[in-house]
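Participant: As they're listed, the protein sequences go chains A and B. Going by my numbering, the first sequence opens with residue 1030, and the numbers climb by one from there. Going by my numbering, the second sequence opens with residue 18, and the numbers climb by one from there.
No wet-lab data here; the hints were simulated from the structure. Ideal placement from N, C-alpha and C gives every residue a C-beta, glycine not left out. One or more hints might be untrue.
Unchecked claim - Here are the computed distance ranges between Cβ atoms for each label pair:
| # | chain 1 | residue 1 | chain 2 | residue 2 | range |
| --- | --- | --- | --- | --- | --- |
| 1 | B | Glu115 | A | Ile1076 | 41 to 47 angstroms |
| 2 | B | Met73 | A | Ser1107 | 18 to 24 angstroms |
| 3 | A | Ala1104 | B | Lys71 | 36 to 42 angstroms |
| 4 | A | Val1105 | B | Asp64 | 15 to 21 angstroms |
| 5 | A | Ala1104 | B | Asp59 | 40 to 46 angstroms |
Single-letter residue listing:
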Amino acid sequence: MSFKKKFTPKRKFCKFCAHKDYPLDYKRPDILRDFINERGKIIARRITGTCAKHQRRLTTEIKRSRQMALLLYTAVHSSEVQKKMG
Amino acid sequence: MRKYETLVLLNPEMPAESSQALIGGFTGVVERENGQILVVDDWGMKDLAYPVRKHMRGHYVRLEYAAQGNTVAELERNIRISDAVYKFITVQLDDAFEQGAAEPAAAEPVAAKPAVAEPAAEPAAAEPAAAEPAAEGGES
């Protein structure tokens, strides 16, 4: 009986390493959406478990996707926030 | 010769024939500069993640071609001139391109794409749930 470890979290793994044909592409916002939070921020790799190599590529692909309006920059625009407050 | 792809976001209100003429103009630019058009991939109307020039929808067209580096500059110059293109991005796909062998190979990834999506969708759905509890416990 151990008091310290009540559960062992599931071991994280890099999805792009595990599945070699898993596309890491700015044209696939459906997949990139798993790596941003609901505000549109890129999730840290310590949380998603992506390896360093793929996280570097992932950030550039997310940013490309944002440029082409396939992914969101932000869910809440400052102009809308000001409208609500005023 | 290198392999490039350019994704353009067109005005959604443009009639189909004029957008086709516009894309035809772009392919003409590449061919004039001794490039080779491999794929013209019309995605059709898609919802945008944020409004672009007050439109929430847009018409995406993807061009895949093999050309010299200065062709890209010439193509982008032409894209910038046309008012109907709202956004565009050019990405280098391959460093080297062989004239003969590349043509069937170039057509393949486009056809293969939907097939890849199927197995990929399942682990993607499973992961975020697994990632959440791990976030708190990860530090200790």
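Participant: What are the numbers of the hints the structure violates, in ascending order?
Facilitator: 3 and 5
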